[in-house]
Structure formats: C-alpha cells, structure tokens
Amino acid sequence: MESKQTPLGYVSFSVFAWIVGLLIFFPIFWMVLTSFKSELEAVSIPPSFISFDWTLENYAEVQERSNYFKFAMNSVILAVGSTLVGLVFAVTCAWAMAFNPTKRTKDALLWMLSTKMMPPVGVLVPIYLMFRDWGLLDTRFGLIMVLFLMNLPIMVWMLYTYFKEIPTDILEAARMDGATLPKEIIFVLLPMAVPGIASTMLLNIILAWNEAFWTLNLTTSDAAPLTAFIASYSSPEGLFWAKLSAASTLAVAPILVIGWFSQKQLVRGLTFGAVK
Amino acid sequence: MKRVMGAALCALLAGGIAHANAETKLTIATVNNGDMIRMQKLTDDFTSKNPDISLEWVTLEENTLRQRVTTDIATKGGQYDVMTIGTYEVPIWAEKGWLAPLDSLGSDYDVDDLMPAIRSAVSNDGQLYAAPFYGESSMMMYRKDLFEAAGISINGRLTWDQTLEIAKKLHKPDEGVYGICLRGKAGWGENMALITTMGNAFGARLFDEEWNPTFDSAEWKNALDMYTNILGNYGPPGATSNGFNENLSLFNSGKCGMWIDATVAASFVTNPKESKVADKVGFTEAPCAVTCTGANWLWAWNLGIPMGSQKVDAAQKFISWATSKAYLELVASKEGWANVPPGTRMSLYQNPKYLEAAPFADETLLAIDSADPINSTLEPKPYVGVQFAAIPEFQGIGTTVGQQFSAALAGQMSVEQALAAAQSSTDRTMRKAGYY
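First to last, the protein sequences are chains P and E. Everything in the first sequence is counted per the working numbering, starting at 11 for the first residue and increasing by one. Everything in the second sequence is counted per the working numbering, starting at 35 for the first residue and increasing by one.
Pulled out of the complex, with its shape left as it was, chain P reads as follows (with noise of 0.2 Å):
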C-alpha cells in the first residue's frame, strides 16, 4: 500500500531536514569563519559573524610554520593504502560469509564488530612494542597495516551486506559455465557489487582519513598525517583558535570535497539493506 504525503507534511519534513543539516553543518561553517579572523576576534565575546577585519593572516602562519603538503599526502597515501588492503581481505572474507555460511557465521561477524568496541589505548603499549621491534614506528607502511585491520571488520560488514543482496543463482550458473573461484569473484560478483563496493571504500577512506589515536602516538615526522598537523596547533597557554581553525579547515578541505561528490553513494552505502 503506498501512503501519500500531504503539502504541509512535506513542507515541515523539509524545514526539519534543512534545519538538522544546518545545526550539522553549523561547527564547520564557525571553523572556517573562525580562521579568518585575528585570535582576539575569535575568542571575542559575544562573537561577531561577518563584520570583522577578515585577514588571511592564520592560512600565511600555517603555510609558513608546517609543510602541509607532506602531511595531506601522508594522509592520502595511509587513506587510500589501507583502504585497498583492507578490499582485497575484506572481498574475500565477505564473499565466504555471504555464499558459503556455515552455522558459526553471525557469531563470527559479530565477534569481528566487537573488536571495534576495544578502546585502542588498551593495546598502545604492545603495539608500540611491536613496532618499534620490527622499524615499523614512523613508517606509512606500518599505519597502512593498523589502519586497515582497524576498518577491516567495518568493510566486511558493509561488503556482507552487498553480497547478501546479490543472488547465488548467478554465481551457481558462473560455476556451471566453468568459472573459476578467482574468476567467479572478479568477472561475476565484483561488477554486480561495484556500487556497494564503492561507498565501502569511501567510508573507510572517510575513516582512515579521521583517524587520530594511532596516526598521532605512531609516527613522529616522516609518516605523520594531517590530525598531526592539527594537533601541532592546540596550546596550553596562549591563543590558538584562529590559527588551529585555519589548519582544521585546510586539514577537512579534501575530504570534505570528495564527501560532497561522492554524497550519493555514500548514503546508499550506508543504508543499503536497512529497508528491504
């Protein structure tokens, strides 16, 4: 039975809507405001929203005190690293769950979702170890590897779900036409599954991107992403609004980009099987 909308129904599910996306967007509409002012106008009280000496000063500090450049290429690189190793285990993994489940199949996911509820610094020390044993501290090849057992169970959860939805009679008239294992997941399943395959990657990239417990304690200089450019601009003592405001803004600028282009599959990767 299909339900009809009435005028006023619609109207007020938009007004709501557009006024829950503006309290969202709100603190980062403030951040960017906030970097271009001077560090008395930003902890001015009351704040002023846009008559105050705009100045580029912030952005000029930034550039001239950190090569950002490093940072947002490290951040690239670990984002996109782990988030293709973690595909190929993830594909894999999911393909098994979703075509060949055994009786031990949902306790199995559940138990890899559960590791994500483990707070990270309760294994900072063994980890650390770890790394500094095998040269791994302020490596991007070691965060690639963090980075993507840390997503690894979000991606197969996402990817299950896709799977689940694709039906096996294909995939049985691949195998009777002769396909094999690696050519049944990469010529048969993985075009049918593009879609979900692609809104898991842009969430884990999302996620590898924010990531700021392990990129910050394991790397130093050589390896360190945008949050530790961030993070260098928070003081105990003095003002910092501005100038952390300008660097935020610099350090969110390319994710932000790729979030507004990609928002189509993003939402259709993160509510694919909710309503069936």
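Hints are computed from structural coordinates only; laboratory data are not their basis. Errors might be hidden in some of the hints.
[As the list claims (entries may be wrong)] Restricting the straight-line Cα-Cα distance to at most 27 Å, the calculated cross-link-like pairs of lysine-lysine (DSS-like) are:
#, chain 1, residue 1, chain 2, residue 2
1, E, Lys-178, E, Lys-59
2, P, Lys-80, E, Lys-59
3, E, Lys-345, E, Lys-307
4, P, Lys-80, E, Lys-206
5, E, Lys-345, P, Lys-80
6, E, Lys-387, E, Lys-368
We have chain P already, so just place chain E on it with the hints.
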C-alpha cells in the same frame, strides 16, 4: 667506459657516505607555545653554526605530547632525540634512568646563571638532567583602573581573605566584570595547580611524611571553602570549564577584575595586539593565608635527551644553543626583549633592556625566586614539587581529585563530600601503589 662508470659510482657512494656523515638529524618533540614556535623559526641560526646537524620539529598539543613522549621513552622507542618535558617529569624520569645527564653543554654555557629554583627542579643529586627553556611561577594580575575606581590599593602581599573582599567590591556582572577569574577546569595541570598552591598557603600538604593523603585535614577544608566561595560567588559563570586560555580570553576582553595564574600570562595581557586592557594591568604576588610558603607554583618547560639516544653529542649542542644566554640575545635582536623566553636565567633580570621592555619582570622574578619545590609546605612533606608531587601516581590522583573539586565548585557536591571523596580515592591509589 667501464672505468668512467666505476669512478662515477665510487664518487656517488663516497658522496653519499660523506653526506651521511655530514648530517645528523635531530628529531625534537615540542609543545606548541609562542616561545617554542619562535625557536623553530630561529632554527637557521643553529644550523648555520652547526652545518653537520639538521633539525626536525614535531610540535604537539601538551597532553598529546606528554602521552607520546612517555610511551616512547618508557618503551625505548627512540623516536625523539630531544624531548620537551615539564618539571613534573624530570625528577621521575631521571630517577628511572630514562634521561641522559647533561654533562657537556660547553664551557660558555654558564650553568650557575640558571635560577636556583628552576635548576634544582631539573636536577637529580646535583646533576642536570634537562635544561630549562622557559620558567614560570604564578602571580596575580589585576585591573589597575578598576582598583582605583573602587578605592583599593595594595600594600604588601595580599591574603586570601583580603582578595575575597576585593573580589566582592569588583564583582559587577551586570556591567560584564567579574571579581576574580581562576582555573576551574578539572585536571592535575589545570585547577589542581592553583588549588594545591592555595592548600599550601592555608597550611595544607598533599601527603604527610608517611605518604598518607591529607585531604581530610582542616587546612584543606579552609582552602577549598575559600576556592569555592570566591570563584563560585565572584567569578564568571561556568567557571568549571575555564582553564588558562579561557581565563586569558576573559581577562583580555576586560571581564576579570583579578586573575591569578601563570607569570607567562603577563606578556599576553600586556600585548596590545591581544589585550583590550593592555595598559591597565598591574601585577602582584599570589595571595598568602596562614603562610606564604608554597603560595605560588613553579613550572618550567625543559629540553632533555632520552637515555640510549645515539645522538647525545649533537642533542647537547642543540640544547646548549637553545637555553643559552646567547639565544636570549638572538631572540631580542629579532623579536624584541619582551619576547625572550622568561624565567630561566638570572642575568636576564639584571638586564636593563629587558626590565624596560617587560613591566612584569620584577614580579615574575620575585615569584620564581620564592617558589621552592623542596620546601613548599608549612609542615614537612616527603615529595618534591610545589603544585604537584613528583611521583608517577600523581597525574592520576591529581586528575581524579581535580574532578571532585570541580564538582564542588559546580555545586554538585559539598566541600566536605569532595574532600572525603578525594581522601578515599587517593588513599586507595597510594595503597595499591605500595606506599604503605
């Protein structure tokens, strides 16, 4: 042709080896504050004098830095060659053998010029384990114009009772002025830094000689009563979320009659670029109560070298440069005398150019000179430190007790309840740690 190729390869290799020998890269972990950033900008001066050493800076927020360098030094991770550490860490880490002694800072370093209080805070058994980059104590900054308008004059060192009376007179929230601004944000380096100095002034101490916590004493009750009364009734609203920076913003916007905090704030509140009340600020010592001993804190950011570092010589060269008298002159020549890192060298406070540029110099010197990390309480104590106890357990204890005191300020619990909770949680921690 082969010979030419061989020669070129040899030359390349030799060049590579020579380059490897020529450059020792020092990775320096540092906190983000004005003095440290200024030092980064002056890196060229050091590298031009030491072309065989290059510097890599890692600047982090204070708490992140502390967590990062502690993990690295405790696990001998070897990620940093020079670390910026506070006076809290130096005695603990030196005791554990985590820091290399600074024994070759050069003949012209003039170690005797370091302020005695700061020098003793970064030494262990007379040996220097870190070199102070800048030092601070606490003092009162006040609005001279508001004092004058209210007919208040300061004669001698104030007591907390007198400070309370002044706060009452100055407190005019309708006009946007609060009597006093103090730290209320919970944390061992936030509200506890101030409250412990208040406790010292009221005759309290963190631990007795047997390491038993003493939060159940009458002295602590008096101190916390005063703190919650003066800040709760004559401070800004929402004081429980105010730390150094929040109070700095309030004071600079002209909203605080008085502010008791780090001496380093003096350069910010008198800077017309940052402060609306730059020409109206007066300075005086932090208030006393039953004693003046320990009524103002002592803190310094210092440069130390982790034990086991392969680059100790180069690191000592850098530390010697960054904490020398010549460095102060370098900063003065580039940025003016008001911007040199304060509180570490006595000669700075005898320099007429500095005294002229920094109207707060006398009070800063007085505050740092009077702070003694060994004798900072009326009754004897077993720990080193004015506003902290230099034991590994203090960070946790200070943060927990700070939360309870913050709750008392917010009115979520009474002063008695907060002190009882502080006593019981500290007692449990000390018992578990095997102190008794």
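What are the numbers of the hints the structure violates, in ascending order?
1, 3, 4
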